[in-house]
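Chemist: Going line by line, the protein sequences match chains A and B.
Under our numbering, the letters of the first sequence match residues 1 to 130, in that order.
Under our numbering, the letters of the second sequence match residues 1 to 164, in that order.
Think of the hints as simulated: they come from the structure by calculation, not from any bench.
Don't be surprised by glycine CBs; every beta carbon is placed ideally from N, CA and C.
Each hint should be verified, as a subset may be incorrect.
What the hints assert, rightly or not - Have a look at the derived ranges for each label pair, beta carbon to beta carbon:
{"no.": "1", "chain 1": "A", "residue 1": "12", "chain 2": "B", "residue 2": "82", "range": "23 to 29 Å"}
{"no.": "2", "chain 1": "B", "residue 1": "91", "chain 2": "A", "residue 2": "111", "range": "27 to 33 Å"}
{"no.": "3", "chain 1": "A", "residue 1": "9", "chain 2": "B", "residue 2": "70", "range": "20 to 26 Å"}
{"no.": "4", "chain 1": "B", "residue 1": "100", "chain 2": "A", "residue 2": "66", "range": "49 to 55 Å"}
{"no.": "5", "chain 1": "B", "residue 1": "63", "chain 2": "A", "residue 2": "68", "range": "25 to 31 Å"}
{"no.": "6", "chain 1": "B", "residue 1": "90", "chain 2": "A", "residue 2": "83", "range": "30 to 36 Å"}
Unchecked claim - So, partial list: chain B residues that the calculated Cβ filter (under 10 Å) puts toward chain A:
{"no.": "7", "residue": "23"}
{"no.": "8", "residue": "78"}
{"no.": "9", "residue": "80"}
{"no.": "10", "residue": "81"}
{"no.": "11", "residue": "83"}
{"no.": "12", "residue": "126"}
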Amino acid sequence: MIPPLPLWVEIPVALLLALSGVFTLVAAIGVVRFRSFFQRMHPPALAFSFSAWCVTLASILYFSAQDGALSLHAWLIIIFLSLTVPVTTILLSRTELFRRRNSGDPDMPPPLSASVPLSADADDSSPTPR
Amino acid sequence: MMRRMFPAPLLSLALLALWLLLNNASLGLGQWLLGTFLGVLVPLLTQSLRPTPVRFRRPWVALRLFMQVGYDVIVWNWRVLRGTLATGKRMPRGGFVVVPLDMRDPNGLAVLAAIMCVIPGTIWSELALDRSALLVHMFDLDDAAAEIELIKRRYERPLMEIFE
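Just need the whole structure built from these sequences, with the hints factored in.
Modeler: Set out below in structure tokens:
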């Protein structure tokens with residue numbers, strides 16, 4: 001039987017969890033609401049930045065109070081999220097840029113560097129001159 | 001000899017710290033030994049995956065940049081939250097900006113990419129092949145010149161101090 005925690009721990013934990021829920025909900029609303037792909041990529045960032053921080057902080061607070069010792073390992077969630085999220089974000093935005101440019105979308109900005117030929121005549125091993 | 005055993009001493013220390021953090025319930029001798037073992041082995045095995053050695057300097061600048069990014073994440077969360085719920089004329093109009101870069105160090109650029117992705121409201125979209133410019137999509141674009149200035153001053157300059 002776990003003894004109940006003092007009120008001064010439970011209130012901030014509940015507030016943090018509620019705040020995280022609100023931000024995640026708004027992130028979901030944003031995905032539904034916006035029409036363009038790039039605009040849609042921004043709201044989910046709310047879910048993995050501030051929302052994730054709030055849940056982590058709530059977990060650290062709750063379990064530290066319960067065990068009577070600092071329990072920091074939930075902090076790793078933030079570290080690993082900030083390592084893995086950029087990979088998927090960049091992959092998605094690069095893919096969309098590539099597809100829209102290939103289909104000749106006039107809204108897309110021009111490529112920053114001269115395009116590298118992907119065809120068979122670029123068969124030497126180093127297509128990117130440094 | 002030391003150089004060969006520890007090709008990346010900072011990475012070794014970080015791995016040990018991660019391991020101890022993961023096992024915060026028991027800080028016995030066994031966990032320290034296991035963490036040290038990982039800290040020695042993993043940098044040796046992944047040596048060929050790191051193209052350029054990391055030169056990390058000025059930890060105080062790094063700490064300030066870390067706090068700055070934390071603060072900016074909160075500010076930008078609030079802005080994106082408001083923009084997402086806004087209606088009519090106040091709907092955000094996103095757009096691309098091209099940021100000219102002075103930094104060439106690939107490690108610094110990797111950190112810049114991570115910062116741009118973690119902060120809501122900015123998406124790293126393209127890097128020129130010669131690393132001279134960067135294409136960023138902004139959630140709410142009012143004044144492109146000001147945003148470029150901000151990115152360069154807040155993130156690029158400290159990163160150049162740290163990595164170059």
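Chemist: All hints are to be evaluated individually against the structure, with a verdict given for each.
Modeler: Quick rundown of the hints versus the structure:
Checked against the hint of 23 to 29 Å, the C-beta distance between residue 12(A) and residue 82(B) comes to roughly 24 Å, which is consistent with it. Taken as a hint, the range 27 to 33 Å holds for the pair residue 91(B) and residue 111(A), whose Cβ atoms sit roughly 29 Å apart. In this structure, residue 9(A) and residue 70(B) meet the distance hint of 20 to 26 Å, their C-beta atoms being roughly 24 Å apart. Separation of residue 100(B) from residue 66(A) is about 52 Å and conforms to the stated range, judged on CB atoms against 49 to 55 Å.
The hint said 25 to 31 Å for the Cβ distance between residue 63(B) and residue 68(A), and at roughly 30 Å that hint holds. Taken as a hint, the range 30 to 36 Å holds for the pair residue 90(B) and residue 83(A), whose Cβ atoms sit roughly 35 Å apart. Interface hint status for residue 23(B): upheld, as the beta-carbon distance to the closest one in chain A is roughly 8 Å, under 10 Å. Restraint check, residue 78(B) versus chain A: the minimum CB separation of about 9 Å is within 10 Å; hint holds.
At its closest, the beta carbon of residue 80(B) sits 6 Å from a beta carbon of chain A; the interface hint therefore holds under the 10 Å criterion. Satisfaction of the interface hint for residue 81(B) is found here, the shortest Cβ-Cβ separation to chain A being roughly 5 Å, below the 10 Å cut-off. Below 10 Å, beta-carbon pairs count as interface contacts, and residue 83(B) has one with chain A at about 8 Å; its hint therefore holds. At about 6 Å, the closest approach between the beta carbon of residue 126(B) and any beta carbon in chain A falls short of 10 Å, and the interface hint on this residue holds.
Hint check: no violations occur; every hint is consistent with the structure.
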